[in-house]
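S.K.: Protein sequences, first through last, are from chains A and B.
Take 20 as the starting number for the first sequence in our numbering and just add one per residue.
Take 29 as the starting number for the second sequence in our numbering and just add one per residue.
Watch out, some of these pointers could steer you wrong.
Below, simulated DSS-like cross-link-like pairs (lysine-lysine); rule was C-alpha separation at most 27 Å, straight line [as the list claims (entries may be wrong)]:
| hint | chain 1 | residue 1 | chain 2 | residue 2 |
| --- | --- | --- | --- | --- |
| 1 | B | 580 | A | 192 |
| 2 | B | 591 | B | 55 |
| 3 | B | 229 | B | 55 |
| 4 | A | 271 | A | 306 |
| 5 | A | 192 | B | 393 |
| 6 | A | 271 | A | 343 |
| 7 | B | 229 | B | 591 |
| 8 | B | 389 | A | 192 |
| 9 | A | 271 | A | 296 |
In short, the hints are calculated from the structure, not lab data.
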Amino acid sequence: MHFRRPYETWNFGTAACPGLLSQLWRVDAAKQKNAADQAEGEECRNVEPVFAENPDIAFQTHGSASSTLYEAHNTERDRRVPDLVFRLFRRASNWRALASLPAAAGALASGCTGVQSALDPHGEQADALAVLFWIFTAVLGLVWLVTMAGLFFALTRRRDSRGEPAQARPAVKRQVRIAFAAMLASTVIILSGLTVLSFDGQRMVFRDEAGAAVTISVIGHQWWWQVRYEGNNGFETANEIRIPVGSAVDIKLTTGDVIHSFWIPSLAGKLDLIPGKSNELRIQADKPGVYRGQCAEFCGQQHAHMAIFVVALEPSEFERWRAKQAAPARPMAHLTKQQNVFASAASSPSPALSEHSR
Amino acid sequence: MSQAVEERHETRDTDLGDEELRARLSKTWGTARGLIGILSTVDHKIIGIRYAVTAFVFLLAGGIMAIIMRLQLARPDSHFVDAELYNQLFTMHGTTMMFLFGVPVGEAFAVYLLPLMVGTRNIAFPRLNAFSYYVYLFGGLMLWGAFALSIRPDVGWFSYVPLANLNFTPGKGPDYWAQMITFTEVAALAVSVEIVVTVLKQRAPGMTLDRIPLFVWTMLVHSFIIIFAMPAIMLASSMLIMERLVGTQFFNPDAGGDPLLWQHLFWFFGHPEVYIIFLPGTAFVSAIVATFSRRPVFGYLPMVLSLIAIGFLSFGLWVHHMFVTGLPEIGAAFFTASSMAIAIPNGVQIFCWIATLWDGKPVLKTPLIFVLGFFFIFVAGGLSGVMLASVPIDTQVHDTYFVVAHFHYVLIGGTVFPLVAAVYYWFPKVTGRLMDERLGKWQFVLAFTGFNVTFFPMHLLGLHGMPRRVYTYPAEMGWGGLNLLASTGALLFFASFLLMLYNMIASARSGALAGDNPWGADTLEWATSSPPQPQNFDRIPCVTSGSPLWDKGDDKAVVGGLKVDERELLVTSVTEARPDIREESPAPSIWPFLAAFATAVAFIGSIYTPWAVTWGSPVVAIVLVAWFWPKTIEENV
Ligand code: HEM
Ligand SMILES: [Cu+2]
Ligand SMILES: [Cu+2]
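Next comes chain B alone, as it looks inside the complex (with noise of 0.2 Å):
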């Protein structure tokens, strides 16, 4: 590898003007056109679009489910469908929910618009990210297939054993149920260690840490949170695979196992498990307020420690899911006070963004009124939850009615409120155009209006007694006016996606034109142009503040030498973010999909034989060595 041929092909960025830099990069980093390119491309844009797109479809076939659901208990004694059938429903609605949309779809957004948001060309192991896209496509596309093959998962979204075992369910359903975990857990903590990787070493220069945008740290600690939970609901999934597969003994009492083993591997991953999907909510609001007032988030050092310690409480409360087990008095108590702990955190937050508009000049676009909707149900749905942490109240209120209205306000409140607010904000940035705000406006009047009445009532009905997960109920109880209120409003709330996917279509045609930075924000997505070119930035920006849309002056400072005609990207020291080394980002490739398709070949095997383990393994192995086969020869000639 002589210094001759390097010199050769060294085109810096310093040494173009303008147009050429862009036209050159934007070859350099582009995707090959054909189904090979598409297959193979590596572009962190391109892939969080994909995530972004299939969650969404999967929060419309989830959302499908509980209206199915909804018209079967809108009246008691109803027969629309038979308990076999509803129980499928809402173990498939839960389950997609939860991992199909919930996880990816913060992943989606972190995937597409962290890269530019810390300023560099592409995330970390872009092959990997292209590998987890497959591995929870195809995990989403196994559970679903099975589903319309009449091979159904129906034991609720958290499975418990002995109700799971062989025994009691026989079928493949929940094996399939507990191999999609495994798919989506893997896809999750791959994305993950992309994104911690992306954040702590390849911010632009002068972005220190007390600069990095709150989004961002947010979803630094939502990645952090995914790499200490999913290990024990991956443990959990496979140790319920293998109590039905090849009979192990986990957690059967007989045996010397335990039933409530499954309950507290399963919750230490469940109660982070709200946070991961909760966490990204909270980027979209502070992203979102900020922009709007005009202002950064008030706070900032005590918004990222409130972060910080969001992350490490949740991993102390995951017994409150098992309050009526039966626990000793002191662990009970434990789990009271640290329940209650997490509410100061959030409260903090919630104290944050509010002073923040009160500072600033809020805009009251279709984006910020979506997260006044979401304090609104958040903050009821978060004071619903410090009800459930005292354990004498959750002996009553535990799976009743009362916690599906509890969790519906904090994920729906929590996540899908913010959520199409981010939809209506960075819609621009993505394809160049602006949503409709007036038919925003209309989707939030049905979308507000719907959830309340359909999620409202279900407080009052757990209250009078009725248990969660009942297919019907006899019309003597007396619940069935609520419950039709409730399916009113499912109607209105579901109508509400159904118009913004209207929007969506309908502006991306048509809308008007955006321009680069439509809202005025501040942080560096704004700076690349709608939608950006692959290589995101032409030029690596030079950050000196927190908010470096809103400096003062026209000249924006860059950092040059990376080469053209090369991917490359500029790594960072992790605390000061000064400039490294140059770091070659890996090229397109098709292996990362031929892995993941072998992968999920070998778990879907394994549903069926145990040695589906060890012939899937050599082929994997031969995949992945293939796909790590060193290249650097032909690339440096």
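Isolated chain A (complex conformation) (with noise of 0.2 Å):
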């Protein structure tokens, strides 16, 4: 069978990214939000069965937006951003425009920048990392230019010396220790100012505040992810985990043999699954679609293919959806045919979401 998987279709084809890729897997926006309905188009005839049942996702996923992406975004920025690097920037009209066209620079200049990436931030910790990457990314090249800058001269400068014979201790120029000291004062202040930035992003990390909407233990295994919706009607999914847009969802990490690491670079940084251990991680998604994770630990043979998708869906949808899965105790049967799949399709990567959502 011919099918494409989910993200082939969604999330390329943004306005920044005009390479190869961009063209064969372009959809456009609007022609997606009916696509499901319609089926037109092969690309999104494939990808029907994963969203048979819900035929109203929205289509239109954080790639696919057209340059008006930025500013359709800008509501509601300054509460996402570490204050202290807001106040650095409070007169900036527009944070996403901050975050982004670094973004889009960096991404015409090496091509797409895919569904995984974490310079495409779509969730509030996301859009936080990514501001804090750009500003040690442009302090740092800064710094670099500048140390290559002095090297440059001190090779090219002008020699009132020629020929001098090799000295066993010249005296020290007078120059030479100014610019030392300055140096070496910029570099502290420089890396006292980074420190700082990284103390308040920090923040973003560890937050614990109460009150997640959704409450969701995910399980590592080799190789794949037990999702499991607690609460009274709990059930499991795998290796897809839907949330509602826009409330924070609490994902509990655990694993049930060796270590990996769940990450979904659009939505936020990464933590690790440890045995023995439990750890907690918030997510947010800012609009709905489809955002791709994958392992980041290394944990044997088939890690490369350990990836999992979280689909974030209008709180109604994800209510209906969340009845509907409840409603009828999902058999574990799936699971273990889950883990077959995965043993045995080793080379075709991710087993498709459509294997388990039907």
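Put the two chains together into one complex; each comes in its own frame, and the hints tell you how they fit.
M.R.: Structure, rendered in structure tokens:
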């Protein structure tokens, strides 16, 4: 059977991504909205099985927006950015623009940033991390340039003393000393500044506010993800997490065997799943869409194929989906099957979402 | 032991003319011919060359692994190698590069050069030195021999548990891996002790602490780091092998153990390890910058202090490899701050070198050109390290290709580029012939372009979401282009090493004759002939400044009074380097080789049965007794 995995169809084809790929997979955002119902175009048909039961998932995803994307998202930006950073840049009217302009530039320079990119943030935490990343890059890039300029001038400086013989201990010139002291001082200042910024950004990672809308347990296995929705009507899925857009979701991370690492770059930084330990990660998605992630800690032979998808749904849809899942007790059998799929289909990446969500 | 006997043999160097002295000393200190002679030698120069050649062979082997990996990753969904083999490849590549190339190559240069630089006739504990080389060689042969026999570790160069435990990784791969660590660390510890003692007790008279060449200071700090870091990894690797072999439960949470214990122990060694590999690079840079700027390095005191600071700080950073394991916030903050702090002494060193070039008159020969490549690459790698030090940023880029890019920038930029520079720089001392300059410059062009084309795109790949240690990736991820670029660069980069190999072989045969001091350098190794005599110096030099060969005046002071027909060294005081006593230096012996062999058999046996330790120990003990059997009487008669 030839079907295309969901991430092929979505998430590619941004304005900032002019490469070959985007032409192959470019799907107009508006068309996508109706795609599931109308089965319009081969790509969309291929995706159909996945969402046959949820025809109204918004197919519009983060990658498929046009250049209006950045303007569309500047509301409430301030709350998502560490205060200190914010204060520094308060006058900049548009946070998303700040975070994304260099991203767009980078994307232009290097092709598409893709469906699993830390530079294409779509959640509170990932936004803040991207901002921090670009600040660091800018500052440190400048430091590198200054150092290289210093080296260049050191080499090309006009010598007043051509053919001078080697000297055991020449008198140190005053200019050199001053320059040295200045460089040292600025190193200390820059590093302290960056450390403070980093501490501030750290709050985003370590925040422990109560009251997430949904709590989900994710259990890592070689080489698949077991996802358990807690609560009275708990149920399980595999390799796919559905979350409501706009509300915080807590993910409890534990492992059934070795160490894995849960990482959805567009939503949040990664966190390990460690035997004997339970870690908690909060994610939140801005927009409906599918966000891909992948195990980030080497966990054995098929580590490369341990992908996971986060599907962000409008809250109402999410509730409908959850009710439907919860209703009949889901047999565990499908999980075992899932495992087999992984074991057997070693070389076919990410044994599609569709296999188990049917 | 009568006075008479002593006196009869007591020809002192002051009694002889230059010609005869040289001949007699080289007979005393020489290495015998024949297989036994070769295996018994204790000449630090011969052992240093063996170390270096072995390390280069491992570099090439690791490089071939890397090329195969890059061929696999060049295209998405590729089937050039399968998952199993790929995992073995990156494990062998990382392990070989870190343990069998990175650490030993630094030791190699130290073993060869330090005694020459401090003006003595042999390294301290020369038999231990021979032993350490054989242990290292056997460890490397064991790992690669097992690889050839399809016993292959495949859990990465830091073998995280529980993946490396028996139930997830059956077979003997990780056991060989763990035992190889034990081998190479025994070797590194031995060399470090020799270096510390040589530097502190065998310096030429007058070489006070503030006249020690920066190269020597750097290797001293390097050795202390090894002495404090290696025990952690030997402990860890022994625990791992016990976990696998006799079922201990150090890392099993169900039995009260903790998998994070492994990570703490490993990285408590693993981070200093990075500096262990990088510091020899800075040692080469200090020597080369000084020589080619015709100036001693600017800011001797700040340089030495930053070296010492790096030594201490390198032990306070290990947790930054564990930022995503779910640390408490305050702990994470502490290790962010300490990781940022180590950038300061590194920065100081960079500024000092640039200031030296600024003040002096740089001569752009191949060694200096490679050092300039070092600045370009290493500074970039250091700065991406500052990014990784930030916990929030690390949560995104940890364990991605961004990190792969970062550590190749520091390891290759910080160690391999200076190393190539060092090869061009000291090759004439070792062989008596200069390497070809034109080929050297071509090599630089290849290496510099190849390196950046390979590793710069990896930063972007990591940010675009590509995790490290994946044997393939789906085409739809859009990583194909950058990966193809990286693979192309890797071929160029690898070719640059083949060019160097050719240049070395060709130049060793027919390069231009070098003379004693072809670069007009200032340190004592250039006062010896090229290649140096077995005794290094006919007469022990007396040092009156930090740049002895740049002192004005033609007369070089020497000290006299060492015996000519026995291996005698001058031992001096720690700070002032005042002559203390004459000390006998051990003669060649086959026992270190046999001891290393016995140790190797016991270690390898212990992979299969714990009883090997029991049965191996007495054998090793017997060999050691033979090694240390006192022979004073024979020698003095
Ligand atoms: C020809 C030059 C080199 C190339 C093309 C190369 C390439 C690579 C690649 C592609 C990986 C990543 C494998 C993966 O994560 O899937 C890797 C890992 C690594 N490389 Fe290199 N490398 C080179 C030289 C070096 C050198 C000189 C060193 C050290 C001195 C080094 C140290 C390492 C280490 C420690 C790893 C990590 C292995 C692991 O994940 O367990 N590499 N290299
Ligand atoms: Cu995993
Ligand atoms: Cu994994």
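S.K.: CA of residue 591 of chain B to CA of residue 55 of chain B, is that 27 Å or under?
M.R.: holds (13 Å)
S.K.: Does residue 192 of chain A sit within 27 Å of residue 580 of chain B, going by the straight-line distance between their CA atoms?
M.R.: With a Cα-Cα distance of about 22 Å, the restraint between residue 580 of chain B and residue 192 of chain A holds, given a limit of 27 Å.
S.K.: Is the Cα-Cα distance between residue 389 of chain B and residue 192 of chain A 27 Å or less?
M.R.: holds (14 Å)
S.K.: Starting from residue 271 of chain A, check that the Cα of residue 306 of chain A is at most 27 Å away, please.
M.R.: holds (22 Å)
S.K.: Sort out whether residue 591 of chain B lies within 27 Å of residue 229 of chain B, counting only the CA atoms.
M.R.: holds (19 Å)
S.K.: Tell me if the straight-line CA distance from residue 271 of chain A to residue 296 of chain A falls inside 27 Å.
M.R.: holds (10 Å)
S.K.: Verify the proposed pairing of residue 229 of chain B with residue 55 of chain B, using a straight-line Cα cut of 27 Å.
M.R.: holds (25 Å)
S.K.: For residue 192 of chain A and residue 393 of chain B, compute the direct alpha-carbon distance and say whether it is at most 27 Å.
M.R.: Within the cut-off at roughly 26 Å; holds.
S.K.: Sort out whether residue 343 of chain A lies within 27 Å of residue 271 of chain A, counting only the CA atoms.
M.R.: Given that 27 Å is the threshold and the Cα spacing comes to 23 Å, the pair holds.
Checked against the numbered hints listed earlier, the structure breaks none of them; every hint is satisfied.
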